Amino acid sequence: MNKATKLVVSISTLFRQTRSSTFRCNPIPTIAIINSQTHLRRRESLEPNGLRFAGRVFCSESGVKRSFFKCWNCGFSSEKVAFLFCDSCRSIQPVDDSVDYFQIFGLEKKYEIDDGILEGKYKDWQKKLHPDLVHNKSKKERDYAAEQSAKVTEACRTLTKRLSRAMYIMKLNGINVNEEDTITDPALLMEIMELREAIAEANDSNELNQIRSQVQEKLKQWSDSFVKAFESQRFDEAVKCIQRMTYYERACEEIVKKL
Amino acid sequence: MMLRQAAKKALGLTSRQSTPWSVGISRLYHENVIDHYDNPRNVGSFDKNDPTVGTGLVGAPACGDVMKLQIKVDEKTGQITDARFKTFGCGSAIASSSVATEWVKGKAMEEVLTIKNTQIAKHLSLPPVKLHCSMLAEDAIKAAVKDYKEKRVKTNGAAAAGETTQA
Numbered sequence: 730m731n732k733a734t735k736l737v738v739s740i741s742t743l744f745r746q747t748r749s750s751t752f753r754c755n756p757i758p759t760i761a762i763i764n765s766q767t768h769l770r771r772r773e774s775l776e777p778n779g780l781r782f783a784g785r786v787f788c789s790e791s792g793v794k795r796s797f798f799k800c801w802n803c804g805f806s807s808e809k810v811a812f813l814f815c816d817s818c819r820s821i822q823p824v825d826d827s828v829d830y831f832q833i834f835g836l837e838k839k840y841e842i843d844d845g846i847l848e849g850k851y852k853d854w855q856k857k858l859h860p861d862l863v864h865n866k867s868k869k870e871r872d873y874a875a876e877q878s879a880k881v882t883e884a885c886r887t888l889t890k891r892l893s894r895a896m897y898i899m900k901l902n903g904i905n906v907n908e909e910d911t912i913t914d915p916a917l918l919m920e921i922m923e924l925r926e927a928i929a930e931a932n933d934s935n936e937l938n939q940i941r942s943q944v945q946e947k948l949k950q951w952s953d954s955f956v957k958a959f960e961s962q963r964f965d966e967a968v969k970c971i972q973r974m975t976y977y978e979r980a981c982e983e984i985v986k987k988l
Numbered sequence: 011m012m013l014r015q016a017a018k019k020a021l022g023l024t025s026r027q028s029t030p031w032s033v034g035i036s037r038l039y040h041e042n043v044i045d046h047y048d049n050p051r052n053v054g055s056f057d058k059n060d061p062t063v064g065t066g067l068v069g070a071p072a073c074g075d076v077m078k079l080q081i082k083v084d085e086k087t088g089q090i091t092d093a094r095f096k097t098f099g100c101g102s103a104i105a106s107s108s109v110a111t112e113w114v115k116g117k118a119m120e121e122v123l124t125i126k127n128t129q130i131a132k133h134l135s136l137p138p139v140k141l142h143c144s145m146l147a148e149d150a151i152k153a154a155v156k157d158y159k160e161k162r163v164k165t166n167g168a169a170a171a172g173e174t175t176q177a
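If you read the protein sequences in the order shown, they are chains V and Z.
To convert, take the position in the first sequence, counting from 1, and add 729; that gives the working numbering.
To convert, take the position in the second sequence, counting from 1, and add 10; that gives the working numbering.
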């Protein structure tokens, strides 16, 4: 057993022995260590259910009772938080908000993803969770399945489109892009004004399609800029890229409406 | 276009009758908003380079809206004589900017700076989710006034420089 696993086992035995909430404060320094180990392990293994450390759950604010996973059905408890199914009795579990969309699909938390994997995994999960396919399970499980299925669909939708994926990944890093601030950047606004005016004045579908392909070019370009900015942690620039992308997406929607 | 038809269908309006708008369907637009959408006042542009014109160009990146509000100012009195707007966005944003152009006409520049988004929102009965549209209109007014003042400083500065070189 390696160092990381040893640490987890010792911490979890500590928790099992004393289930008092006062312990919430103490393990924080060790949690930091566990978390960095977790980070390393996750990069090595691409398996979706690979070593999900209890360290992550320790930090959740919902209290000590969620610090390790306990199945509602069979009472099986483990340090591993099951995403959908209990490992022991395979019953469906309620939605756990600490699981993020990338984890659902077994993807690394970065902007560039493989669309094929996304689609494949989505179909896999829906085969197990879709409300139409869980008739033979108890009502409770069917309800959980419905919630999980909705979350998986939402996750797929968010990660499929570049713009929503970008905004989600920023949110995971604690940066909320959708703030209702007004901007006055004259260059950007002039460009968008002229673009929207051109769309409004365009009369035939040829013109509109031409404009659309130009806008999609721009979208791709700014999407690439976003990746660079995000990966170099230049978050202000990343936000600006997302703002531009939002404007171009809105323009595309207008074009589609007109066509 | 789509909004107009949808709105007319939703309210069953063929003429400007007043309807109890709060009939439980939260997506209804208030009749003031529909009025501004159907009969937009002051849509258009002034020449940006005209020294009596102030142009305010603002945007709301969260929803991809752009709003341009222009004012024409009487140089001697400092009163706004005319206004135009051009907005690309939702019905609430269009109505907010339309209301803004109506309200600034005939007022002094310092006075229009006191127009608050809450007043516009109240006039249009905007739901909370659309409050930022009225904020955008308030910002557009301020930007237009600021632009005009900056232009005046530039032209005055140029004139003063001309005088000194001549003297």
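Source of the hints: derived by calculation from the structure; they are not laboratory data.
Since the model is a prediction, treat every value here as computed from it, not as a measurement.
Just to be clear, a hint being listed does not mean it is correct.
Pair ranges (Cβ atoms, derived) [stated by the list, open to error]: (1) Trp-801(V) x Gln-129(Z): 33 to 41 Å; (2) Asn-935(V) x Thr-128(Z): 43 to 51 Å; (3) Val-53(Z) x Asn-935(V): 22 to 30 Å; (4) Gly-54(Z) x Arg-871(V): 53 to 61 Å; (5) Asp-826(V) x Asn-49(Z): 44 to 52 Å; (6) Lys-838(V) x Asn-49(Z): 46 to 54 Å; (7) Arg-963(V) x Glu-160(Z): 41 to 49 Å; (8) Asp-84(Z) x Asn-935(V): 23 to 31 Å; (9) Lys-987(V) x Gly-54(Z): 17 to 25 Å; (10) Asn-902(V) x Thr-87(Z): 51 to 59 Å; (11) Ala-72(Z) x Met-919(V): 48 to 56 Å.
All C-beta atoms, glycine included, are put in the ideal place defined by N, C-alpha and C.
May I ask you to test the hint 33 to 41 Å on the CB atoms belonging to Trp-801(V) and Gln-129(Z)?
53 Å, violated
Outcome of range test on Cβ distance (Arg-963(V), Glu-160(Z); 41 to 49 Å):
With Cβ atoms ~31 Å apart, the hint is violated.
Range hint 48 to 56 Å (beta carbons of Ala-72(Z) and Met-919(V)) holds or violated
19 Å, violated
Mind checking the hinted window 17 to 25 Å against the Cβ distance between Lys-987(V) and Gly-54(Z)?
21 Å, holds
Do the Cβ positions of Val-53(Z) and Asn-935(V) conform to the proposed distance bound of 22 to 30 Å?
Given about 27 Å between the Cβ atoms, the range holds.
That 53 to 61 Å hint for Gly-54(Z) and Arg-871(V) (C-beta), does it hold up?
Holds, at about 58 Å.
Range first: 43 to 51 Å. Now tell me if the beta carbons of Asn-935(V) and Thr-128(Z) are that far apart.
46 Å, holds
Assuming the hint says 23 to 31 Å, is it satisfied by the Cβ distance from Asp-84(Z) to Asn-935(V) or not?
With a Cβ separation near 46 Å, Asp-84(Z) and Asn-935(V) fall outside 23 to 31 Å, so the hint is violated.
Do the Cβ positions of Asp-826(V) and Asn-49(Z) conform to the proposed distance bound of 44 to 52 Å?
48 Å, holds
When you take the CB atoms of Asn-902(V) and Thr-87(Z), is the distance between them in 51 to 59 Å?
For Thr-87(Z) against Asn-902(V), whose Cβ atoms are near 53 Å apart, the range 51 to 59 Å holds.
Check the following: the C-beta atoms of Lys-838(V) and Asn-49(Z) are separated by a distance inside 46 to 54 Å.
51 Å, holds
Figure legend: structure checked against the earlier numbered hints; hints not met, in rising order: 1, 7, 8 and 11.
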